[in-house]
Amino acid sequence: MNKTNQNILKEYAYNKIKLLIFNNILKSGEKIIQEKMAQNLGISKIPIIQALSILQNERLIEYYPRKGFFVRELLYKEFIDILDIRRILEQLAIRKIIENLNKKIRDELIEFLEGFELFNKTKNIEKYYELDRKFHSYLIESSGNSYLINTNNTFNILLLCYTKGFVTEISASMNDHRNMINAILEKDFKKAIKLIKDHTENKKKSHIINGYKNRTKKSE
Amino acid sequence: MDIRIEQKSLSNQAYNKIKMLILDESLKPGEKIIQEKVAEQLGISKIPLIQALHVLQNERLIEYYPRKGFFVREISTKEFFDLLEVRGSMETLAVERIIEKLDKAIVQKLINFKNDFISAFEKKDVKKYLELNKQFHYYMIETAGNSYLIDINNTFNILLLSYTKEFRTDISLSIEYYKNIIDSIIERDVEKASNMVVEHLEKVKEGFRK
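Sequence lines, in order, name chains A and B.
Just so we're aligned, residue -13 is where the first sequence starts under the working numbering, counting upward by one.
Just so we're aligned, residue 619 is where the second sequence starts under the working numbering, counting upward by one.
It cannot be assumed that every hint is accurate.
Claimed, not checked - Simulated restraints on C-beta separations:
no., chain 1, residue 1, chain 2, residue 2, range
1, B, ASP721, A, LYS176, 27 to 35 angstroms
2, A, PHE175, B, LYS696, 20 to 28 angstroms
3, B, LYS664, A, PHE175, 45 to 53 angstroms
4, B, LYS810, A, GLU116, 36 to 44 angstroms
5, A, GLN25, B, SER644, 43 to 51 angstroms
6, B, GLU643, A, GLU187, 37 to 45 angstroms
7, A, PHE175, B, GLY825, 19 to 27 angstroms
8, B, ASP743, A, ASN(-7), 48 to 56 angstroms
9, B, LYS646, A, ASN(-7), 26 to 34 angstroms
10, B, GLU749, A, GLU127, 31 to 39 angstroms
Stated by the list, open to error - Simulated pairs of lysine to aspartate or glutamate, EDC-like, Cα-Cα distance not exceeding 16 angstroms:
no., chain 1, residue 1, chain 2, residue 2
11, A, LYS177, B, GLU809
12, A, LYS190, A, ASP70
13, B, LYS696, A, GLU85
14, A, LYS183, B, GLU714
15, A, LYS82, B, GLU697
16, B, LYS797, B, GLU740
17, A, LYS183, A, ASP162
18, A, LYS183, B, GLU809
19, A, LYS180, B, GLU714
20, A, LYS191, A, GLU155
To be verified - A short, non-exhaustive set of chain B residues, derived as facing chain A with CB atoms under 10 angstroms:
no., residue
21, ARG705
22, GLY706
23, TYR766
24, THR773
25, ILE776
Since the hints were made in silico from the structure, they are not lab data.
We put the beta carbon where it would ideally sit given N, CA and C, even for glycine.
Given these sequences and hints, build the entire structure.
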């Protein structure tokens, strides 16, 4: 097989397995059985192993010698670390967006706000959270800072926050989004920074309340 | 089995050597990496060399062009500024966390840093000063206790890449910042410490533009 085909298969396996992890079909702590995975995806074991080693670099799975690959479990402390990283990434993103604010970005932000208001009013929770994901990716992408974008992608910061974290209740989230977008439009960097910080601290607290802390790592 | 271990450590050594050559600009940005030559210089075969080059490619220090080979990646000014901004964000978080967990041992360590900075500066010992600079920033990232900070720094060589370029800036620009950053951490002044971190990096940018 030539190199290009090999790469296509590797990427295919990588995307599929990543999706299985983020959709919680492969659960935290679960062993990834290579033969089964190869069979399910209808490809050979080589691209599976290549994909697994990329996912290992991204710290989504881990390898134990003579045991194999497992979906990595996020400990409470680590989740808090990720929330903090997300916070500083978004703070920087917003700083850059305010610096570069133009008509196009303004219009896009207003469109996001209108979307949030609509889905909140019509109680379309699914659409609301879909827009929420788009909005946060939009902030990162619009920063125009390649290191910021790469850090988010390589460490799956936003993705991990969505899938492993508890979702903020919709009316609180609506408030946060409204205030955030307004602060950006008013170029009020200090206010925007504080909003993100408070939002992060609230998330941390809700995790403690929800007992994430008590979840212990399963023994191997 | 033995052969594989040997190969792995050879490629590791090659990785470290080549990385150093890139960071001290012995291999210049845009320069082609001639595999035969580097293999001969390092006294290794081409297999561990190629493995090392692939790791460096993942770290975006070098890039591969089909039918042309590996080249040292050129970092534009825009990219360097992007990197400094992310570094500023990381260090802001680090400062915050360090203030939260500040104890006698950390305070002592910080005071030592400050005294060493001042003494190197007064003696105009640039080499020592820059070495301290490096140690201080690693200390902050590692002491913050957020494993992602360490991983991000390693994956993107944030601090290492800052230094290769920062060498071009004047050390008299930074001494006041280091004193202020350390003092405000010890005084537990999160806002001032973070402002100093960001301001310092903005100064680095300014110095670089000139």
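**Message:** Taking the Cβ atom of ASP721/B and the Cβ atom of LYS176/A, is their distance within the range 27 to 35 angstroms?
**Reply:** holds, 31 angstroms
**Asked** Range hint 37 to 45 angstroms: satisfied by the CB atoms of GLU643/B and GLU187/A?
**Response** holds, 43 angstroms
**Asked** Under the criterion that the straight-line Cα-Cα distance not exceed 16 angstroms, is the pair LYS183/A, ASP162/A satisfied?
**Response** holds, 11 angstroms
**Item:** LYS82/A paired with GLU697/B [C-alpha distance capped at 16 angstroms]
**Value:** holds, 14 angstroms
**Asked** Between LYS797/B and GLU740/B, is the straight-line Cα distance small enough, at 16 angstroms or below?
**Response** Satisfied, since the Cα-Cα distance of roughly 13 angstroms is no more than 16 angstroms.
**Asked** Holds or violated: are the alpha carbons of LYS183/A and GLU714/B at most 16 angstroms from each other?
**Response** holds, 12 angstroms
**Request:** Could you check the hint for me, namely that LYS810/B and GLU116/A are 36 to 44 angstroms apart, CB to CB?
**Result:** The hinted range 36 to 44 angstroms holds for LYS810/B and GLU116/A, with Cβ atoms some 41 angstroms apart.
**Request:** Mind checking the CB of THR773/B against every CB in chain A and telling me if the closest is under 10 angstroms?
**Result:** Result: holds, 6 angstroms to nearest chain A Cβ.
**Message:** I want to verify a distance hint. Is the separation of the beta carbons of LYS664/B and PHE175/A within 45 to 53 angstroms?
**Reply:** holds, 52 angstroms
**Request:** Could you check the hint for me, namely that PHE175/A and GLY825/B are 19 to 27 angstroms apart, CB to CB?
**Result:** holds, 24 angstroms
**Supplied contact hint for ILE776/B, tested at 10 angstroms Cβ to chain A** = holds, 8 angstroms
**Request:** Decide if the proposed pair is consistent with the structure: LYS191/A and GLU155/A, CA atoms, cutoff 16 angstroms inclusive.
**Result:** holds, 13 angstroms
Every hint, counting from the list given before, is met by this structure.
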